[in-house]
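Trainee: So you can see what is in the structure, the chains are spelled out below.
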Amino acid sequence: MPEAIDFNRDVRQILSNHCFACHGPDQAKRQAGLRLDKQEHALAVLESGQRAIVPGDSKASTLIARITNPDDEAAMPPAGSGRRLTPREVDVLRRWIDHGAPWKGHWSYLKIERPAVPAVSDVAWPKTPIDHFILQRLQAEGLKPAPEADKATLIRRLSFDLTGLPPTTADVDAFVADNDTGAYEKLVDRLLASPRYGERMAQKWLDLARYADTNGYHIDNHRDMWRYREWVIEAFNRNLPFDRFATEQLAGDLLPGATLEQKIASGFHRNVMVNFEGGADPQEYLTKYIVDRVTTTATVFLGSTLACTECHDHKYDPFTQREFYQLYAYFNSVPEQGLDGQKENPRPSIRVASPEQTAEAAKFAGQLAALESRAQAALAQETAAVPSAAPPLTAEAREYVWVDDELPPGAAPDGKDSWQWVESPAPVLQGRRASERTATGTSQHIFTAAKYPLIVGPGDKLVAHVYLDPANPPEQIMVQLNDGGGWEHRAWWGTTKIQWGVENSPSSLPMGPLPAAGRWVRLEIDAAAVNLPPGAAISGWACTQFGGHVFWDKLAIVTRRPQGPSIFDNQETWELAERLRPNSPAPPAVREPIKLAPADRNAEQQRSVRDYFVRYFYTGTRATFDPIENEIAQVKKSQDELEKALSQTMVMEEMPQPRETFMLVRGDFRSKGDKVTPGVPASLSALPAGAPPNRLGLARWLVDPNQPLVSRVTVNRYWQQYFGTGIVKTSEDFGTQGEWPSHPDLLDWLAAEFIDSGWNVKALQKLIVMSAAYRQSAHVDPQALKHDPYNRLLARGPRFRLDAEMIRDNALAVSGLLDGRIGGPSVSPYQPPGLWEEIGFGNSFTSQSYVQSHGADLYRRGIYTYWKRALPYPPMVTFDAPNREVCTDCRARTNTPLQALVLLNDPAYVEAARVLAERIMKEGGAGVNERISFAFKLCTARAPKPAELEVLTRVFQAQLAKFRQRADAATKLIGAGEAPRPTDLDTAEWAAWTAVGNVLLNLDETITKG
Amino acid sequence: MNFEQQLNRAITRRTLLGQSARGFGSVALASLLGGGLHGATIGQGLGTHGALPALHFAPKAKRIIYLFMSGAPSHIDLFDNKPKLKELTGEELPKSVRGDQRITGMTSGQSKLLLVGPAYDFKRYGQCGAEITEMMPHIGSIADDIAIVRSMHTDPINHDPAVTFLLTGNQQPGRPTLGAWMAYGLGSVNKNLPEYVVLLSGGGGQPLLARYWGNGFLPSKYQGVQFRSTGDPVLYVSNPEGIDPATRRELLDGVQQLNRLQLEAVGDPEISTRIDAYEMAFRMQTSVPELMDISQEPQSVLDMYGAQPGKASFANNCLLARRLAERDVRFVQLYHRDWDHHGNLPNELKRQCGICDQGSAALVKDLKQRGLLDETLVIWGGEFGRTAYSQGAISKDSFGRDHHPRCYSIWMAGGGIKPGITLGKTDDFGYNLAEDGVHAHDFQATVLHLMGVDHKQLTFRFQGRDFRLTDVSGKVVEKLLA
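Chains as they are written, first to last, in the numbering used here: chain W, 1 to 1010; chain P, 1 to 482.
The reader is advised that the hints may include incorrect statements.
DSS-like cross-link-like pairs, simulated, lysine-lysine; straight-line CA separation at most 27 Å [to be verified]:
1) K62/P x K672/W
2) K111/W x K672/W
3) K479/P x K62/P
4) K475/P x K29/W
5) K86/P x K112/P
6) K29/W x K456/P
7) K497/W x K396/P
8) K29/W x K104/W
9) K637/W x K672/W
10) K475/P x K497/W
Have a look at the derived ranges for each label pair, beta carbon to beta carbon [unchecked claim]:
11) K675/W x P94/P: 45 to 53 Å
12) D781/W x D328/P: 32 to 40 Å
13) P289/P x E978/W: 53 to 61 Å
14) P289/P x S671/W: 25 to 33 Å
15) E134/P x K497/W: 56 to 64 Å
16) A856/W x S398/P: 24 to 32 Å
17) E134/P x P470/W: 34 to 42 Å
Worth flagging that the hints you see were computed from the coordinates, not collected in a lab.
All C-beta atoms, glycine included, are put in the ideal place defined by N, C-alpha and C.
Just chain W, same shape as in the assembly (with noise of 0.2 Å):
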C-alpha cells in the first residue's frame, strides 16, 4: 500500500475500470447525471442531491457508500456488471477522498514539463541521467542494480538490439580485447552505423504498419509494397527525425514538390488490407480501410484505443465518436475503390524504377529520339507529289479477302484466346487453318483496330464461311462489324439468345434459320442492310455464337472499290478511314484539320496532314518510312515491357475534391449522421497554426512539440524494445485503462529529451544503450525475482527470447549462409508443399501457390520473408510473428514445443547446422575440444565451461560413432538443403558436426538476448 496516494497512479484506474462505463465520458450512457472522469462533474451536486465524493470526507461520499456495501440493492458496480471492488481498492478510494480528493488531469494528456534528474546517494553507479531515475526507484524499495554484464555478454545483446545480428567471433574478441575506456561507446557508434540497424528498426516499424505482401482479406492475393519496406530501413539508416518520419508517412505526397522516396513513404496507410470478394459492398470495405487508417494512427502515434469511438464515445478516455469522424475525414479523400487489387495493385499505386531501369528507360528514349530524327529527315525528302484522289469504282465487284489464316495487319485480337487456329484434320474450308471456338453462351472470335479497314463501295457484300458440328451445333451465329464508331453492325442467324442492338434493326439483323451444319456454308451480308453505307470503313469484325461447337473460315468483300494496302494509294481514301478510325494515334495537328475539308484548311494544316499520310499510310513511300517505323515499334515494345517490369507500390493521393465526410450511426456505413469536418481530439493539443485540413495538417499535429501523447509514446516503444516492457506497460494504451508508468518522471524526461534532441531517433537509441541499467547483468537472483518477476524496476540486466526473425537471422548468421542484401523484393524459402493451395482459391489469383526461392534468395533476413496474411511464414508464426492484418504495437512472447519442432526439425535449420559443420571442420581447429569451443563462442559469444565442453563431446563422439556405422544416415543428414556442398569433408564426421549444430542452434541461449 502506498503511503501517499497519488491520483494518477493510484486512484484513476480504479475509477476507471469500475466506474466509467456507466459514469465516464460516454454521454449516451452516462447513469444518474454522474461523471467521475472530470473533477468539476465528480464533485458536484447530484441529480439525487447527494455527492458522489466529497472532499475530505469519506464517510459524506455517496460512492463510498456504495462501493462498500455489495449486498445493498444500490450497491456498486451493479450486480449484473460482474465487477466488484477489491478491499485495498476501496481502501484507496476512502483515503484518497480523506485528504482531500486532490484532482489531477491524466498524466499522459499533461504537456510534457522536461523533470529535473533525481539526485542519488550512489554517485559511481549512474552513466547517463536514465540511470539516475532508475536508481531512485530501486533504493526506494529497497534494491541494488546488478553489475555490469561482462563484455562478451554486452556485444552480444548490443548486437542484437541494434542489428538484429550476433556479433562475428572476431567483434567479440576485439571488444574484449579493447581496453578503451571509450570502448562501449565505440561500437555503440559502430552498430548504429551500421546498414543492419536499418533492417534492425524496420522489423518492428512493420508491425506497427501492418506491412504484408498480400491484401488480405478473403483471397489474400499478392500486392507489391517492398518498396515502402525499403523506405523504412533506409530512412532508419540514414537517421530521418522522428518528426519528419512521422510526416512523410502520413502525408509524404501532399508535402511541397514531394518526392518519389516521399510519395513511397506515404504508402504507410496504403498497407490496410483490401478486399475483392465476389458481392462484397465496396462502401462497406472503404469503410474499412478509413477506420483502420485512424485506430492504427491512434494506436502508433497516440497509443490510444478509438476502435471504441467507431460507433458511441469512449468508454473511458476524453474522445468523442464525433471526433473519430473528424479523424476519418483525413483520411478520406484517397481515390481509392472500396474493391479492389484483383489484379495489379489496389489503386492508387505508383511505378517505381529501379537506377537500372533508369538507365535503361534513358537509353530506350535516346533511341527513339535518334528514330524520330531519321524519319523527320526523311520526310523533308519526301517531295513528290501525291495523288489525292481515290481511283474510280470498278464496273465489276470482285471478292477481297480479309481474314484467311491470318488476321489483317494492325488487327487486336480482344483476349489471347480469342482466335483457335485450328488445322486439318479440323474443317478447313481454304489455306492452311480455320478458326474453332466451342462455346456454352456467348462466345466469340474478335478484333478490332485493322491497319487497312474495308471501304464500303456502293451495294458491298459481307462474307463469312461457317461451318458448324453437326454434334454440338450452336443456337446462334453472328457476324458483327465495327465502323470506328462501335459494334452496332449486327446479322444473326438461328434462335434470339445474344441480347445485343435493337432486334429487327441494323444493330440486329435477322438473316433466318441456322445454316446447314457439318459442311462449309457462305454466309452474305448486305452491308447497307447492317448500316454500312459506301464510304463506310470496316475495321473490326467479330464471329459470335451462342453455345456450340463452330468454325469460321474467309472473311472476305465483294466490292467495287479497291481493298488491302493499296487503299493508301491516294490521301482521299485513307483521310476518309482516318477519320472514322477508333482512338487514332494521331496528334491534333493531323486529327483537328482533317475534320474540314481540303480546300478549307491553310497550308500548315495541309502539310501536316500530308506528312502525316506520307510517313504513315502512303503505298508509295512504305519501302522509305517502313523500316524505321518497324524499328521504332520495337523499341516502344522493349519500353513497355520495361514499363511492366517495374515495380508499383501503392501510396496515398488526394482527390481534388475531397469527399464529404458523414458520422456513422454505430458504425454502420449505411447509416449517415452528422456531417463533420477533418479535426483532432480537443482533449489532447490544439492544431498548430496554419494547419491545412489535410494529413499534411493532422501530421503537423501529431509532431507538434506541445502534443502530448507522441513523444511518450515513442520511447516507451523503443524502451520496450530493449527491456521487453516499456515504462509503460501496455504500451498501446496511455489512457485511463492503461498501466501507470513504472518510471513516469523518466518518460517524460526522455520524452522532452527526444523532442528536444530534434527528433532524433538514433541518438535515443544510443541515450538508451549507453545506460548503466542497460548494461546490467541478466543474472536472475531467486529474491529479485520474487520481489520483481517481470524486471519492471529494473534491477538486473534484460533477457529474453529474440524475435522470430532474429532467431532465423540468428541460424542464418553462425552458420554463414546469410546473404547481406539489402531491401528488395520479397523472397520465399523452404517451406512445406501445400500449405497456400489446401486453403487457397486456384491459380486464376495471385499468391495462391507458394513458389519456392533458390540460390541466396533463400539465406536472406528474415525481414524479407514473403508475408502472407493468410498463412504467414510458419517458422515465424510459432515464434510469436503476426499475420500483419492490423497493426499490433507489441508481440507476445511464447515458450511452445512448436517452436522447438521448428528448431529441431525445419530443413532451414538443419540446412543452418549442416552449413556450420562445414564452418566448424573448415575454421575451427583441429581438436575435437577447439571445434566445440569454436561453435560455441559463434551461438552464444563466449567459450564454452568444462562441464558445457564436455556434454557437447559426448554428443559428439557418440554420433560420430554411430554416423561411421551407419553411413547412409549420415549421408542423408548432410543432404539437408540447397547450399553448395564440398566434396572434400569426411562425410561421418561431417554429419556428426551437423548433430552438434543442432543442438547448438537449439540451446536456449542461442535463441535469447541475455
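Fit chain P to the known structure of chain W by using the hints.
Mentor: The following block gives chain P in isolation, referenced to the frame of chain W:
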C-alpha cells in the same frame, strides 16, 4: 526452500501468467479475479494453466468438435423444409418478405428475385420425426441424437466477415477464435498434444485463412494447430532425414543438459519452461503420427465413416476428430469448404451431401458407442444460409442461391445439448425468423456455457478494454440445453 523449489514456485506463477512479462497476465488475471471468481488464488484452480482459476458452472462438455461447413450450406435444401416455397417457384420474392434485408452484389443487379423451392424432397427421420433432406440419410439416422437449430442468424453477408464473426464475435480481423478463447481460458488437459487442432478436408471451395483458427490479440500459443494428412502431420514434427528417434533423443538430451546448466547459471525460469516445451515436442513426435495413423482402425470403423487412410478427406477428418477426442484434445475444428452454391445447386448440393453426410453421422454414432458423446459437443454448420430466391435462371435441374444471413440452420449434438429436438422457426419462405432466433453471439454464449464458462467473464484486456468472444451481447439458449 532450496533454489530449485524457489524457482519452481516462480515458474508456476510465470507459466500461469503466460510465460511472459508482456504477453498477458496480471491485468487480465486481476480482472478475472475481480470478476466473480472469488477465493481462487494463483496456482490453484483448474490446474491446467488456463487463465480461469475456476469454471463458472459445472461443465456439460469437456471438449468440442466443430464441423465447419464453409461456404454456407443451404438451409432451405437441407434442414428447413418449405413446401410453400416449392409451390411459389418462379414467383417473385414479395417486397414485404424481403424488407430491408441487404442483398449481395451478386444478385442485387438481377431484375427479378424469383423464388425456388428445395432441390430435393425432405424426409422425417427418427422417433422425433425431424425433417431433413433425403440427401442426408446418415444424418437422418442420428436425428434422435441431435438438435437442429433452424433459427440461427448472423450479421455479415459475405464469407470472410461471416466466418470471422461467427468464430471471433467480430466481423473484422484481430480477435481470437472460439478455440483460442478455450485454450486461453481453460488451458490444456493434454500433455502430448495441442489443445486446439484444425483439420482441413482438402479440395476446393471458399478460400480459408489461418485467421479462422487464429489467436487474434491473444498470445500466439493459443492459435489452432493444423494437423495434416499429407506431409508432416504437424509442421516440422518429423525428424530430418538421417536422424532417427533414438538419435533425436540423444541430441535432445544434449540440449536439455546444456539448458539445465544455463538455468543453474542464470536462474531465469523461462529456461525451465523451455526445457518442458522440448520434452513435449519430443512426445508429440510420437503421439502425433500415432494419432494420425487411422490405418490402425478396424475396417468396420473405417467403413462406418467412409474413411480411406492416406488421403485428406472430410471422412478421414471425422475419424481423426474422434481419435483427438479420445486423447482429450479440447477443441477440434474441421473445415470443409465447398458449400457455396451460387449456381448449379442441385448437383453441387448432392455432391457435398455425398461427401459430408456419412462421416458427420459416423462421428456422432462412434462417440456415442464409446461413451464420449455426453461429454463432447459436436457442432455442424456454416457461416450463414442461402436465399429463398434463385441466383441466375431457374431450370428444371439447375438454379443457384445467394448468401442469406437472416436465418439459417445448424445442428449440435452431445455435450449437454438436448437431443432429438428442432429449435426455432422461419417464415414460409425460409427468409425471415419466425420463432426462437439464435444470433451468432447467442450461439457462442451457449457453447461457452456448455463448457462451464460464463461468456461475460472470459475476458482479455487489450488496448484498455476487456474483450470477450460475445462482444457486448449474447444470451445462453436455454431451450437447447439438456
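Trainee: Now look at each hint and say whether the structure bears it out.
Mentor: Here is how each hint holds up against the structure:
no.	hint	verdict
1	K62/P x K672/W	violated (46 Å)
2	K111/W x K672/W	violated (36 Å)
3	K479/P x K62/P	holds (20 Å)
4	K475/P x K29/W	holds (21 Å)
5	K86/P x K112/P	holds (17 Å)
6	K29/W x K456/P	holds (19 Å)
7	K497/W x K396/P	holds (19 Å)
8	K29/W x K104/W	holds (24 Å)
9	K637/W x K672/W	violated (49 Å)
10	K475/P x K497/W	violated (53 Å)
11	K675/W x P94/P: 45 to 53 Å	violated (36 Å)
12	D781/W x D328/P: 32 to 40 Å	holds (39 Å)
13	P289/P x E978/W: 53 to 61 Å	violated (27 Å)
14	P289/P x S671/W: 25 to 33 Å	violated (54 Å)
15	E134/P x K497/W: 56 to 64 Å	violated (35 Å)
16	A856/W x S398/P: 24 to 32 Å	violated (53 Å)
17	E134/P x P470/W: 34 to 42 Å	holds (40 Å)
The structure is inconsistent with the numbered hints 1, 2, 9, 10, 11, 13, 14, 15 and 16, although it conforms to all the rest.
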